[in-house]
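Undergrad: Those protein sequence lines, which keep their order, are chains A and B.
Numbering-wise (the working numbering), the first sequence opens with residue 1 and increments by one.
Numbering-wise (the working numbering), the second sequence opens with residue 1 and increments by one.
Because the hints were derived from the structure by calculation, they are not lab data.
Every residue gets a Cβ at the ideal spot worked out from N, C-alpha and C, and that includes glycine.
One should not assume that every hint holds.
[As the list claims (entries may be wrong)] To give an idea of the interface, some chain A residues facing chain B are shown, with a C-beta separation under 10 Å as derived from the structure:
1) 74
2) 76
3) 104
4) 110
5) 183
6) 184
7) 229
8) 266
9) 274
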Amino acid sequence: MIDFSILFPSILNGLTTGAIYALVALGLTLIYGVLHIINFAHGACLMVALYAVYWLKEKLGIDPYLALPLVVPAMFALGYALQRGVVNRASHGKDENILLVTLGVAIVLENLALLAFKSDTRTIETAYTLTTVPIGPAMIALSKLVAFGGALVASAVLLLIVTRTDLGRAIRAVAKEKQGAKLMGIDVDHVYAMSFGMGLACLGAAACFLLPAYYVNPQVGGGFVLVAFTIVVLGGMGSFTGALVGGLLIGVVESLGGLFLGESLGQIGIFVIFIAVLLFRPQGLFGARA
Amino acid sequence: MMRDLAGIGAFAAAVTAVTLTTDSGVLLTLVMMILYAALLAQAWNVLGGYGGQFSFGHALFFGTGAYAQAIAQVAHGINPWAALALAVAAAAAVGVLVGALAFRYGLKGSYFALVTLAFAEVFRILALSVDFTGGGVGMMLPLNESFANLQFGSRKGYIGLVTAFVIAGLLVTTWLRHSRFGAWLQAVRDNEDAARAVGVDPYRTKLAAIGLSGGLMGAAGAFYVQVFQYIDPGLAFGPHVSIEALVGAIVGGMGTLWGPLLGAAALQLLAELTRNLFGQLPGLNMVIYGAVLVLIVMFVPRGLAGARTPVRGLWRGRRRG
Numbered sequence: 001m002i003d004f005s006i007l008f009p010s011i012l013n014g015l016t017t018g019a020i021y022a023l024v025a026l027g028l029t030l031i032y033g034v035l036h037i038i039n040f041a042h043g044a045c046l047m048v049a050l051y052a053v054y055w056l057k058e059k060l061g062i063d064p065y066l067a068l069p070l071v072v073p074a075m076f077a078l079g080y081a082l083q084r085g086v087v088n089r090a091s092h093g094k095d096e097n098i099l100l101v102t103l104g105v106a107i108v109l110e111n112l113a114l115l116a117f118k119s120d121t122r123t124i125e126t127a128y129t130l131t132t133v134p135i136g137p138a139m140i141a142l143s144k145l146v147a148f149g150g151a152l153v154a155s156a157v158l159l160l161i162v163t164r165t166d167l168g169r170a171i172r173a174v175a176k177e178k179q180g181a182k183l184m185g186i187d188v189d190h191v192y193a194m195s196f197g198m199g200l201a202c203l204g205a206a207a208c209f210l211l212p213a214y215y216v217n218p219q220v221g222g223g224f225v226l227v228a229f230t231i232v233v234l235g236g237m238g239s240f241t242g243a244l245v246g247g248l249l250i251g252v253v254e255s256l257g258g259l260f261l262g263e264s265l266g267q268i269g270i271f272v273i274f275i276a277v278l279l280f281r282p283q284g285l286f287g288a289r290a
Numbered sequence: 001m002m003r004d005l006a007g008i009g010a011f012a013a014a015v016t017a018v019t020l021t022t023d024s025g026v027l028l029t030l031v032m033m034i035l036y037a038a039l040l041a042q043a044w045n046v047l048g049g050y051g052g053q054f055s056f057g058h059a060l061f062f063g064t065g066a067y068a069q070a071i072a073q074v075a076h077g078i079n080p081w082a083a084l085a086l087a088v089a090a091a092a093a094v095g096v097l098v099g100a101l102a103f104r105y106g107l108k109g110s111y112f113a114l115v116t117l118a119f120a121e122v123f124r125i126l127a128l129s130v131d132f133t134g135g136g137v138g139m140m141l142p143l144n145e146s147f148a149n150l151q152f153g154s155r156k157g158y159i160g161l162v163t164a165f166v167i168a169g170l171l172v173t174t175w176l177r178h179s180r181f182g183a184w185l186q187a188v189r190d191n192e193d194a195a196r197a198v199g200v201d202p203y204r205t206k207l208a209a210i211g212l213s214g215g216l217m218g219a220a221g222a223f224y225v226q227v228f229q230y231i232d233p234g235l236a237f238g239p240h241v242s243i244e245a246l247v248g249a250i251v252g253g254m255g256t257l258w259g260p261l262l263g264a265a266a267l268q269l270l271a272e273l274t275r276n277l278f279g280q281l282p283g284l285n286m287v288i289y290g291a292v293l294v295l296i297v298m299f300v301p302r303g304l305a306g307a308r309t310p311v312r313g314l315w316r317g318r319r320r321g
């Protein structure tokens, strides 16, 4: 039996890592969960946002948290333009083409970063980098706690947008019945692009919360892609609550897996859960029954 | 049917002619890598192109074949030619197992894609963690060049081997195009419910397709091990191989006989060209590669082999591919 004083910090640590995962997955929930676009470029877009936060800090001295109002709209604009200008135009509405196009975009973005910034791993220094907060027997980095709060706020905002606004109603209508939505006068291309933009805006927020406790290099996004898909499916396609809970759960599973099975084998828990959910409960934890 | 077989004969003759008339190492390596990429794309095309089941995790079968080939030789002293049969069988078996789970529970579309990706990741982590794969260090084949040992001093030997595999892939595809089983598979791809209604068993049909596809992919994995004499978990089960397989097939034209070969050739040539032109600037060659990929999808959405069909279709009826 493992002592509580080891287990508790491990769970807490998992929850805070999970909050970051949840933030990254929230963006994908809109793009994949609602619109069923398999966005292979999700990780690469996160990388772009991380570099934006990094350079804002390094060149202009803007604190990552204060960069939120800059990075979030910028990522939204990038997402809107990317969907409308590239993904939609190139895919001809076919799934396999969307997949290839987002893959192509990911390759382009990652290698542009490699070309411009080399493959160096970069981190930032802030006044609160080393600040920790005691919770019970555990010490948790302040930046991770802030990220936890940020994930909660971001999922609440998304939930409000999708359930309470006209845009949200339009998104849900398009997701349910594209043809019908078009006949009702909804500009489907615009709705897709808005969703894509909002998905990337989430990544912008995720990047601001992530960088103080993390790092950036051209390949940084890769590790998040499959985890984000796992969380979206685990939480239930299109469910923001699901993505939040799923993200936290995956964080804890990863942390406990590492504790019990060691670093390399510990990762396996995530994918075993993923496969089990796909096979036995494809609607996810919070998804509506299909 | 005869047209397809004649085409395969012409292809074999062309590869033989090029291989025998040149001694340029660069050219031979390029030919070998094109054929190897074509084999990956062909394997994916059997399940993805003809079966409509999009796998993101074909590295699963590739890695299984590669590790079976390496472990059989290194740990059990089995002759490489016999190991080759084992590798193909093991990869096909993993295909059938994963297919049994995924198709039994009715996973389709992106769900199927993600479950294959997840299985590949599970295998990658297992290969990193268990002892008999050598963990993260990987496995090395002892160098021993001889025909009996399936190691060749020249690229020409390997080209012969991979050409045999590619021809096997072409024959499998030809069979899919003209056989009853192939008709079932394409019926399941186009409309599973309608196929079921006329008496096709979609489950068993897809299972056979994933087994075939896995077996071909296993051959590619075994080939990789014989050529490079090294394998590790990232090379075997990482996403690069899965992506190479599906990109080659889709760019070339899914559900066509020559598409995978065309797609693989186009992409390999593009990669080679950009590498030579911009190799000194890390990243730029891949930027161009990614951009061209997007452009191909934008302007040739049915793939290189499918591009001609609309024109030909004018006087040949509207048959696909």
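Undergrad: Compare the structure with each hint and give your call.
TA: Going through the hints against the structure:
1. 74: violated, 21 Å
2. 76: violated, 22 Å
3. 104: Because about 4 Å separates residue 104 of chain A from the closest Cβ in chain B, which is inside the 10 Å limit, the hint holds.
4. 110: holds, 8 Å
5. 183: With Cβ-Cβ at 25 Å, over 10 Å, it is violated.
6. 184: Cβ of residue 184 of chain A sits 26 Å from chain B, so the hint is violated.
7. 229: holds, 6 Å
8. 266: holds, 9 Å
9. 274: holds, 5 Å
Consistency note: the structure conflicts with the earlier hints numbered 1, 2, 5, 6.
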